[in-house]
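In the order they appear, the protein sequences are chains G and E.
Residues 1 to 379 (the working numbering) are what the first sequence spells out, left to right.
Residues 1 to 393 (the working numbering) are what the second sequence spells out, left to right.
In short, the hints are calculated from the structure, not lab data.
Everything numeric in this text was worked out from a predicted model, so none of it was measured.
Virtual Cβ for every residue (Gly too), placed ideally from N, Cα, C.
A hint or two may mislead.
Which residues of chain E face chain G? A few of them, derived with a C-beta cut under 10 angstroms, are [to be verified]:
| no. | residue |
| --- | --- |
| 1 | GLN4 |
| 2 | LEU284 |
| 3 | ILE380 |
Not everything, but these chain E residues come out facing chain G in the computed CB check (under 8 angstroms) [to be verified]:
| no. | residue |
| --- | --- |
| 4 | VAL203 |
| 5 | LEU206 |
| 6 | ALA255 |
Stretch-level coverage of chain E by chain G, calculated; a stretch enters the list once three of its residues show a Cβ under 8 angstroms from a Cβ in chain G [to be verified]:
| no. | segment |
| --- | --- |
| 7 | 105 to 117 |
| 8 | 173 to 182 |
| 9 | 276 to 283 |
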Amino acid sequence: MDFGFSDEQREVRDLARRILGEQVSPRSLQAYDEYAAPRFDEDLWRALLDAGLPGVAVAAQWGGMDFGFLELALFIEEVGRGIAPVPAIQHCVGGMLPLQRFGSAAQRARWLPAAVSGELLLTAALTETGNDWSRAPRCVTARRDGDTLCLRGRKSAVPFAAQADLVLLPAALEGGDDVAVVLLDPRGAGVTLLPCESTSFEPQAHLQLDNVRVPPEQVLVGRGGAAAMAWLAERMCAALCAHQLGAADAAMRMAASYTGERQQFGVPISTFQAVGHRMANCYIDVECLRLATYQACSLLHDEQAAALETRIAKVWAGDTGHRVSYATQHVHGGTGIDRDYPLWRYCLWLRHNEMTLGGSGFHLAAIGEGLAGGQGLFA
Amino acid sequence: MKLQFTAAQLALRDELRAYFRELMTPALAAECERDMGEGGGPLWREALARMGRDGWIGLGWPEALGGRGLSPLEQFIFVEEVMRAGYPFPFLTTESVGPILAEHGNDWIQREIVPKILRGELLIAIGYSEPGAGTDLASLKTAAVREGDGWVINGQKMWTSLAHFCDYTWLAARTDPEAPKKHKGISMFLVPNNDPGWSCTPVHTLGGVRTNATFYDNIRVSDDHRVGELHGGWKLITSQLNRERLSLINFGPSAELFNATVRWARDSALPGGGRVIDQGWVQLNLARCRALIECMKLIVYKQSWAMTEGTLEMADASAAKVYGSEAFIELYRLLGEVVGQAGLLRDGDGCDSARRLERLYRAASIITFGGGTNEIQRDIISAAGLWMPRASR
Ligand SMILES: Cc1cc2nc3c(=O)[nH]c(=O)nc-3n(C[C@H](O)[C@H](O)[C@H](O)COP(=O)(O)OP(=O)(O)OC[C@H]3O[C@@H](n4cnc5c(N)ncnc54)[C@H](O)[C@@H]3O)c2cc1C
Numbered sequence: 001m002d003f004g005f006s007d008e009q010r011e012v013r014d015l016a017r018r019i020l021g022e023q024v025s026p027r028s029l030q031a032y033d034e035y036a037a038p039r040f041d042e043d044l045w046r047a048l049l050d051a052g053l054p055g056v057a058v059a060a061q062w063g064g065m066d067f068g069f070l071e072l073a074l075f076i077e078e079v080g081r082g083i084a085p086v087p088a089i090q091h092c093v094g095g096m097l098p099l100q101r102f103g104s105a106a107q108r109a110r111w112l113p114a115a116v117s118g119e120l121l122l123t124a125a126l127t128e129t130g131n132d133w134s135r136a137p138r139c140v141t142a143r144r145d146g147d148t149l150c151l152r153g154r155k156s157a158v159p160f161a162a163q164a165d166l167v168l169l170p171a172a173l174e175g176g177d178d179v180a181v182v183l184l185d186p187r188g189a190g191v192t193l194l195p196c197e198s199t200s201f202e203p204q205a206h207l208q209l210d211n212v213r214v215p216p217e218q219v220l221v222g223r224g225g226a227a228a229m230a231w232l233a234e235r236m237c238a239a240l241c242a243h244q245l246g247a248a249d250a251a252m253r254m255a256a257s258y259t260g261e262r263q264q265f266g267v268p269i270s271t272f273q274a275v276g277h278r279m280a281n282c283y284i285d286v287e288c289l290r291l292a293t294y295q296a297c298s299l300l301h302d303e304q305a306a307a308l309e310t311r312i313a314k315v316w317a318g319d320t321g322h323r324v325s326y327a328t329q330h331v332h333g334g335t336g337i338d339r340d341y342p343l344w345r346y347c348l349w350l351r352h353n354e355m356t357l358g359g360s361g362f363h364l365a366a367i368g369e370g371l372a373g374g375q376g377l378f379a
Numbered sequence: 001m002k003l004q005f006t007a008a009q010l011a012l013r014d015e016l017r018a019y020f021r022e023l024m025t026p027a028l029a030a031e032c033e034r035d036m037g038e039g040g041g042p043l044w045r046e047a048l049a050r051m052g053r054d055g056w057i058g059l060g061w062p063e064a065l066g067g068r069g070l071s072p073l074e075q076f077i078f079v080e081e082v083m084r085a086g087y088p089f090p091f092l093t094t095e096s097v098g099p100i101l102a103e104h105g106n107d108w109i110q111r112e113i114v115p116k117i118l119r120g121e122l123l124i125a126i127g128y129s130e131p132g133a134g135t136d137l138a139s140l141k142t143a144a145v146r147e148g149d150g151w152v153i154n155g156q157k158m159w160t161s162l163a164h165f166c167d168y169t170w171l172a173a174r175t176d177p178e179a180p181k182k183h184k185g186i187s188m189f190l191v192p193n194n195d196p197g198w199s200c201t202p203v204h205t206l207g208g209v210r211t212n213a214t215f216y217d218n219i220r221v222s223d224d225h226r227v228g229e230l231h232g233g234w235k236l237i238t239s240q241l242n243r244e245r246l247s248l249i250n251f252g253p254s255a256e257l258f259n260a261t262v263r264w265a266r267d268s269a270l271p272g273g274g275r276v277i278d279q280g281w282v283q284l285n286l287a288r289c290r291a292l293i294e295c296m297k298l299i300v301y302k303q304s305w306a307m308t309e310g311t312l313e314m315a316d317a318s319a320a321k322v323y324g325s326e327a328f329i330e331l332y333r334l335l336g337e338v339v340g341q342a343g344l345l346r347d348g349d350g351c352d353s354a355r356r357l358e359r360l361y362r363a364a365s366i367i368t369f370g371g372g373t374n375e376i377q378r379d380i381i382s383a384a385g386l387w388m389p390r391a392s393r
């Protein structure tokens, strides 16, 4: 048992922390508030690409760093710590990982090196209105026409849809309960992007598909796609947890230092036990999120079964995110919600991560179902 | 990073699990139940002496002191297994006061006390708290006064658990009433409970656990019975409390209770059809418990790992204590709802989880204020973990 980081893991984290620390600030983030500009800092993304970080979990033969999921999660944790305006989760976890895992030799050779270098931007269309669980798509269907798939339907709130070159997208195959996964050109015929505004200012669009023809070379998984989506959903959940961990930790530390400075009744407000204890609760919550997240990520890193552990981590991401958001706002008083002070953006992202790909209730229900079905006891 | 046990650690766990399965005979288990999980009975003593012979006492002590020199992680595995087996292991004597005596004790203690502890033949109660000294322990008033070569001890202790069947009391007494800071004038003594000046009266608690008020009336002990530096007792107290914490929060029994409750809910039919576990709210309660216990496991594993590495942060030790003690209470509520009114019956009406829960919920509050109250732990977390300035006390 080892809760420590390897030298390589520390290097990845420190490299990410340095670049993000230098290039992300409240001032740089301000440029994207209220959709004043698409929330995508291309210079920062270029710096991260040049450092090799987005390709950290991609094999060397495709130009990646050849590390694993844990290193990728540490990078994403740092992105979360800065709530950096880059498509790290979508491109790296939503796009490159499944491409590397499920793509044909030709697909990998064609797209992975370009994705690692950043010429090609990937994203994933995982959610549908009323259906947060991407392994069972209902609102987009695929009909076979020879070896081409014809897609119709709608995916909602696809992150970076307008910026991406390829969108990973699961669809329900007509006439059965099988799922296909395709890599869709969002600018292709029959695809309409309907921009939408999200709470976090992330660039998103609904994807309307009207008889979109997907040629076989763009089909990632033609049959049995539900298993691939379950594989991906676990990694997306774990990545969201890592992002949440970074963001929650940053918000907590911001509040801790603020309360040490702010004085009322002639003393720092941190000296009031009620304030200190609310922050201590945040510390415990963040520690639980950290441990649950690292556990899920280290299992996924080793390609071990981690469905339960990932759900548990996502429950903690939801609960911790919620509690840290309101505790940190509260101990700041009015400053916490003043848009001239940096906390408020964290609160948006804590909510974003909490509700994306299923909130705590959703995952608890699934854990409970598993227990009823004979799974999930302690060893 | 790898949050699973190594093969060697798993082997130790399996060895212990098998050992305790054999050790815990039904008669011993019944005796332990009767004694409210405190031990002290004849079969319990016999089993302890056997563990001494088999080398399972003094696990964490350095080998030079007669122990096994196991790492905190291995000790933790031991604690988990012994708790899971339901044997009330006398941790306070063997793993918390014992190693301090082995390290700081004089010749008499090395000769007379330490070997008996390792053989499972000598038990020690802890005498810190007093009627007027709880969380503010350093304000204790029990006094030891120098007389000739020895000491005369007078005072009263409160909540001296296990004292009614222990051989000695590990007693904190004031030796320097003039000390400028109150925690600088305290020394530690090993007081024999068979001294005519020693007496105790029982204190019964909500959970059924017995503890004691103990009285020290002109007890004379030689200087041999004093441990560590004169007026330097505070250091020994805090180091003992830190060791104690390692056995305070254990996830094994909770995991065991959880598993048993889930199995019961899977196997129990509802009168109107279906099983208990088919109900949505039951699944939700159980899922909440699953997530709570998972983090309890991770938090205590990490604590033991960090102790083994020598990197345990004060804030993390406090976080483990607060989280664990409060999670227990939450678990007993959520699982209690699942077993329903059977959990109000002393015998659980045929449901073993219900029977256990009926007792557990009554004893659950002890470690939120005991073992260093959670308020103080939270003070430590915000100060040491988040660098927040705190009020001076
Ligand atoms: C079953 C049982 C077994 C025990 N066994 C032993 C034993 O073997 N040996 C032994 O020496 N002691 C033992 N204790 C005593 C135990 O350690 C004390 O109960 C504990 O230290 C708390 O002290 P108190 O009960 O006097 O409560 P108090 O100190 O009076 O605390 C009452 C409340 O005030 C709060 N409080 C106190 N100070 C502060 C502060 N600074 N900030 C915020 N809140 C504060 C506490 O958190 C608590 O909620 C035992 C107790 C019990 C119930």
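How the hints compare with the structure:
1. Nearest Cβ of chain G to the Cβ of E/GLN4: about 6 angstroms, under the 10 angstroms cut. The hint holds.
2. For the restraint placing E/LEU284 at the interface with chain G, the shortest Cβ-Cβ distance is roughly 5 angstroms, inside the 10 angstroms limit, so the hint holds.
3. The criterion of a C-beta within 10 angstroms of any C-beta in chain G is met by E/ILE380, whose closest approach is roughly 8 angstroms, and the hint holds.
4. At its closest, the beta carbon of E/VAL203 sits 29 angstroms from a beta carbon of chain G; the interface hint therefore is violated under the 8 angstroms criterion.
5. Violation of the interface hint for E/LEU206 is found here, the shortest Cβ-Cβ separation to chain G being roughly 25 angstroms, above the 8 angstroms cut-off.
6. The criterion of a C-beta within 8 angstroms of any C-beta in chain G is met by E/ALA255, whose closest approach is roughly 4 angstroms, and the hint holds.
7. Only residues whose C-beta sits within less than 8 angstroms of a C-beta in chain G count toward coverage, and the segment 105 to 117 of chain E has 0 of them, not enough to reach three; the restraint is violated.
8. For the segment 173 to 182 of chain E, the stated coverage by chain G is not satisfied: 0 residues place a CB nearer than 8 angstroms to a CB of that chain, which falls below the threshold of 3.
9. With a cut-off of 8 angstroms between beta carbons, the segment 276 to 283 of chain E has 5 residues touching chain G; three or more are needed, and the interface restraint holds.
Consistency with the previously given hints fails for numbers 4, 5, 7 and 8, ordered from lowest to highest.
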